[in-house]
Each structure stands twice: as structure tokens, then as C-alpha cells.
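Using the hints, position chain B against chain A.
Heads up: the protein sequence lines correspond to chains A and B, in order.
For the first sequence, full-length UniProt numbering assigns the number 1 to the initial residue and increments by one for each residue that follows.
For the second sequence, full-length UniProt numbering assigns the number 1 to the initial residue and increments by one for each residue that follows.
Keep in mind the hints are simulated off the structure, nothing from the lab.
Careful: at least some of the hints might be erroneous.
No copy labels: a pair is met if it fits in one copy or bridges any two.
[To be verified] No farther apart than 27 angstroms at their CA atoms in a straight line, the calculated lysine-lysine pairs in the DSSO-like style are these:
(1) Lys216 - Lys229
(2) Lys326 - Lys214
(3) Lys299 - Lys93
(4) Lys244 - Lys327
(5) Lys82 - Lys302
(6) Lys327 - Lys82
(7) Lys96 - Lys299
(8) Lys299 - Lys82
(9) Lys284 - Lys229
(10) Lys214 - Lys327
(11) Lys229 - Lys302
(12) Lys93 - Lys284
(13) Lys62 - Lys216
(14) Lys31 - Lys62
(15) Lys216 - Lys244
(16) Lys299 - Lys62
(17) Lys326 - Lys82
Being a predicted model, the structure only gives us computed values, none of them experimental.
Protein chains: 2
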Amino acid sequence: MASTPLFVGLDVGGTTMKAAVVDDNGTPLSKPVVMNTEPERGQEAGLETMCETIRRAVAAAKLTMADITAIGVATPGLMDLKAGLILDPPNLKPWKNVPVRDRIQNVFKLPTIYQNDANAAAYGEFWVGAGQDATSMVLFTLGTGVGGGIILGDYILEGEHSHGGELGHMRIESPQYGRRCGCGARGCLEAYGSASSVVRRTRDELAEWRGPSKLKAYYTANDDELTAKVIFDIADKGDDLARKIVDDTAYYLALGACAVIATVDPDMIVFGGGMAVAESFRAKIHEYVVRFGLTHPVKQVKVAFAKLGSDAGFIGTAGGARLAMKKLPRPEGVKG
Amino acid sequence: MASTPLFVGLDVGGTTMKAAVVDDNGTPLSKPVVMNTEPERGQEAGLETMCETIRRAVAAAKLTMADITAIGVATPGLMDLKAGLILDPPNLKPWKNVPVRDRIQNVFKLPTIYQNDANAAAYGEFWVGAGQDATSMVLFTLGTGVGGGIILGDYILEGEHSHGGELGHMRIESPQYGRRCGCGARGCLEAYGSASSVVRRTRDELAEWRGPSKLKAYYTANDDELTAKVIFDIADKGDDLARKIVDDTAYYLALGACAVIATVDPDMIVFGGGMAVAESFRAKIHEYVVRFGLTHPVKQVKVAFAKLGSDAGFIGTAGGARLAMKKLPRPEGVKG
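Bound conformation, chain A alone (with noise of 0.2 angstroms):
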């Protein structure tokens, strides 16, 4: 029996799910354990690939199963927190309704938590990444769409239909002429923010650019080689229109900034992924924020990225275990 309690934490994606033993100081005790999660096996053969994972992970660490406290486990949404459920998110096709939770729980006779990815991302970066030293914190994750995460001291905001956190469906820009998102409506943050809408905003421009530029030998309808790292390196280099692009990036991403900021008035903001690097694009970004935002908070609020990369969901999951293992029961009459 291990001395100091130790948590497993599993994060599940749509292609490959991760996991590693973690310890109370937030520190993993290996190298994370990584599988293949094949939704389309089917949901039986997933959360038999999730158990594997989990005991992958603890023989990593060269323990056993009685030196773990407690497991957490986050999956993308769709998911019903309260009954422990991952519904249909649309990267785990064909899954329905999968009791992850139960499930978990019953095999390894231990108590599992179960949370949405971001938010698990969102609290291993305040546990022990770029907000370690913040109290309050929202992470913003710039990838395919823009997900999100908000840490409010000791509580993760799930929301009451495990919704909370949906950053990128806040809106920046006109309902009626913003750009549309996948969500059906315009404007939202996640239509200009993405890495994905990153690239669809160069198309755009490039369609209308008069001016030399690098991005110009991408300009193609369907060229795989324009990605958002592209047009960060090549602005890097002096690109007059990756520079804008770049910009005007930095612009969208504080809007959706003063838009938390206006809501929960955090003490830092965090964005990560792989746009999420250049110390000039951070201060872009921080620089906008104190310009359109609400003059009070943001003379104090932070803005930095996240330094945890792909790491921080199963650690932020394996830390929501140990938050709920700690976690005092509520005192009773009051309400809530």
C-alpha cells in the first residue's frame, strides 16, 4: 500500500485514449499508457479497452490496483455527468449510452469520477500547469472546435445538463452576418477561433488578397497542407497576410476572453493547443483583452498557455478524483 494516496487518471478521445498513475502532488508516476479506443469496435469493446488502459497504467507504475485511491475518467460530450454516461458525441460514433462510470467503478471495486474532457484539461492546468499559482482559471482549447474549461477554486464547473464550459458557443460577432459555426448559428467563437476556422478565414482572405504572400502556393480548394502552423510560421517569417491572419486571431480569441471575463471575472486565462505557442501571439492576445475588455478586471486579470499539452486530461481527471476523495460533505440546511 502505497503511503501517500495515488489516483488513476484515464482520458478517452476519438482516437486514442491515455492513462497514468497519479500522485497527490499531481506528478504522474510514468509515462502515460496510450490505446487505441476504435469506437467503431463497438462501446462493449471500448469499455473493456478503457479497464485495460487503467490496468496498464498501474502495472506502469509497478504497482496494483490496492495501492490506487480512487480513478477518474473523462470522455468528450455528449455525456450525462449525473448518471455517468457518455451519450453519442459525434467522435465516438457508434456509441450510445455507454456507463462508463458503472462500469469502471464495478471492475475495479473503486470510487471513479467521471468528467468532460475539457474540464479535466482545464483543472490538470490549474492543478499543476499554467494556472498552479492562479485561484480562479478558464481554459480555452483551440483545436478542431474550441472547447473550454472553467476552475473556480476548488469547484469545476460542470454545469446542471454537463454543459458548462461550451466556450467556443459564445458569440463574438453579428447572429445574423457573423461566419456560421457547427453548431448552426453565427458568430460563435469557435467560427473564427478553431484552428480549423483559422484555415477557412485564410481561404477567405487569400480569395481577395491583392498582395504577395507566402500563402498564396497553398491556395488551393482543398490543400491538406494549409494548416493554422503553417500560417503561424510563415507569419513568423514576415508574411503580410499570414500576419493578419494571425492578428485578427489574436482579436477573436480576447473577444471570447472579455466574454468570460464579463461572466466569471477570472483570475487567469489559459489557452492551449497547437496555436497556443508564441510568446508574441500571447501578448497579442493579452493586449487586445485589456483593450476591449471591461476596464476594472482587466487591469489584473492573466492571460497565458498552457503548459501541460496533451498530458493535461488525464492528469486534470486523475486531480477531480482526488478533489472528490477530499472534497468535505456539504454542511447540512443550507441550500445547494
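Quick look at chain B alone, frame taken from chain A:
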């Protein structure tokens, strides 16, 4: 000594302040005592009036200070909640850096908590008003501006810099082409959904409206008789233009609701203020929320109108004091 805990709630506004003793179930023990704030007499006079209002509220309940467990005080922002200071709110000029919490605590030698007035009103509605059966709730207050408060179980979201729940400054329209808000930005909810903005939008519509409308009688640049109430009353009688204004208002408020759904995903959204009366208006807002919000949470979110009127503030801040007294200390070793 009373057998159950009793709390004084004091709600300070720009014109008047109100206080009453509230019992452990959220019931005021008397009508609230109302005194004039008269900020122009200076902050020392203001602090003395606050203490006097509290004394009279206790006397009105036929009690003595020895019967009181704790005091809650709510004021408009700007404020520094941690330091217990009113900073320099526009409607309390010339007050500046007023040590509200410490003064009241020192005078009465009782635990004293300090809150933003909109957050206090939100907690009042959550505790014993429209949200009394809700597990989490967001309040929008529609007046000269749009204020707000976010309640997550027994957590009142005050924000790191005392600016949690500034919901009027979430964006619902274009930052370039949207209506100008008092905060300087464009496209804020407040520029569309406040009672003052409803009047401004009506003047703009009247300038272009070709059909008949009873509102035309009110169309002079500075006609004080054109109020949101007049517009809503005329809409009730079937006037086409007034109905369009009311319908547009429901749409804009729904967009604000959709933004908080994407952020905090509450159980219930409540609107308060003079416009939030007719069931047909509530139903219209709800309809637009379902039409424009995130599919999964909008199926279940509740939309309601406030019930406590202007009593929500003093009841809510008494409730905040009660909550502070009942809260257990945070467990040790847990971050936050």
C-alpha cells in the same frame, strides 16, 4: 436571544437603502426600513445612515442587536469585495474607497459579509424566490442597465476582481456594427436589453416606421413619457410597432441567455425588472432560447421571471450572511 439564527440584510442603492431582519427560512420579520442614501452628503454620513438603517430594521422586528447572528450588506459596484470597499460607483458620487464592511462590523461587533447588489438579488431569488427549487440559477436584472448574478448551488460567483456576473457586457451583436454600450464597446447585451435601450431602439424604429403606431405620439427627441412600460403596455393592445420592439427584446435577451448557457449551463435563468411581467413575454424569450441555444442544455433549462421585486437584494444579502455562517472550512491540502 432568538431560538433560530436571524440575519440583517442591508441593500444600499443610489437613491435609497433598505434593510430588514430575515429569519433562517428567508422570511423578513418586518417590512423593510427605507432611508435616503444621499451620497452627496459624503461617505461618512452614508456610513452612519447604513448603521442607522440596520438599527431601525432590528427595532422594527422588535429585537435587539443581541438577537442577530450576522449582517449582510450589498452595494452597487465598483467595489473590492475582498477588501470590503465601495470603490467609486457612478451612482454613489462622490464616495470613494468606503470601508463598508469593516465599519459595520466594528460598530455592531457582528460577522459582516459584503456583496455586489446584483449578486445579492440573484441569491435572494435563488433562496426563496423564482429559483427556490433550482439547483443553479442565473439572474438578469433589466433596468437602466443589465446586471446579473450567477448562483451555483451554495456558491455565489463573485469573481476574482469583484466583477462576476456583469452579464450586460456579454456580446450578442457585432463589435464593429452593433449598438454602442455605455461601457464604450459595441454589441453588448446591455445596449439592446436594458429598459433604457428598449426606449432607444424604439426611437430609432419610430424614425423609420411608415405604418400607424400609437408610439408615434411619443416621438419627440426628449420625451420622458416614452418608457419601456409604455411600450410594453401599447404592445399588449396589439400595436404592430410596439409588438415588434417587444419581440426583438425577447430575442436579444434570449441571446444573452444562450451565452450564459454556453458558459455556466445553469438549471434556471431568471429575468427581473419592470419589463419582466407578462407570461407571453417570458414564453417568447424561452422560445428563442430553445431556437438559438445549444441543443442539449436548452431542452431542459428553465426560464422564469423574478418574484421578489426590490426585496431580493436585502433578502439575498441576509442569505449570503447565513451562508457564510453555515459554511464549513475548506478541507486542508486541497488547492483553492
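These are the hints, each one checked on the structure:
1. Lys216 - Lys229: within (16 angstroms within a copy, 57 angstroms between copies)
2. Lys326 - Lys214: Answer is neither; intra-copy 54 angstroms and inter-copy 63 angstroms both fail.
3. Lys299 - Lys93: between (45 angstroms within a copy, 22 angstroms between copies)
4. Lys244 - Lys327: neither (47 angstroms within a copy, 51 angstroms between copies)
5. Lys82 - Lys302: between (32 angstroms within a copy, 18 angstroms between copies)
6. Lys327 - Lys82: both (17 angstroms within a copy, 24 angstroms between copies)
7. Lys96 - Lys299: Only across copies: Lys96 and Lys299 sit 19 angstroms apart there, 46 angstroms inside one copy, limit 27 angstroms.
8. Lys299 - Lys82: between (38 angstroms within a copy, 17 angstroms between copies)
9. Lys284 - Lys229: within (17 angstroms within a copy, 44 angstroms between copies)
10. Lys214 - Lys327: neither (54 angstroms within a copy, 60 angstroms between copies)
11. Lys229 - Lys302: So Lys229 and Lys302 pass the 27 angstroms test inside one copy only (25 angstroms; across, 42 angstroms).
12. Lys93 - Lys284: Answer is neither: 39 angstroms inside a copy and 36 angstroms across each miss the 27 angstroms cutoff.
13. Lys62 - Lys216: neither (53 angstroms within a copy, 81 angstroms between copies)
14. Lys31 - Lys62: Only inside one copy: Lys31 and Lys62 sit 12 angstroms apart there, 68 angstroms across copies, limit 27 angstroms.
15. Lys216 - Lys244: For Lys216 and Lys244, only the intra-copy Cα distance (14 angstroms) is at most 27 angstroms; the inter-copy one is 47 angstroms.
16. Lys299 - Lys62: neither (48 angstroms within a copy, 47 angstroms between copies)
17. Lys326 - Lys82: Both: 19 angstroms inside a chain and 26 angstroms across chains, each within 27 angstroms.
Against the hints set out earlier in the document, violations occur for numbers 2, 4, 10, 12, 13, 16.
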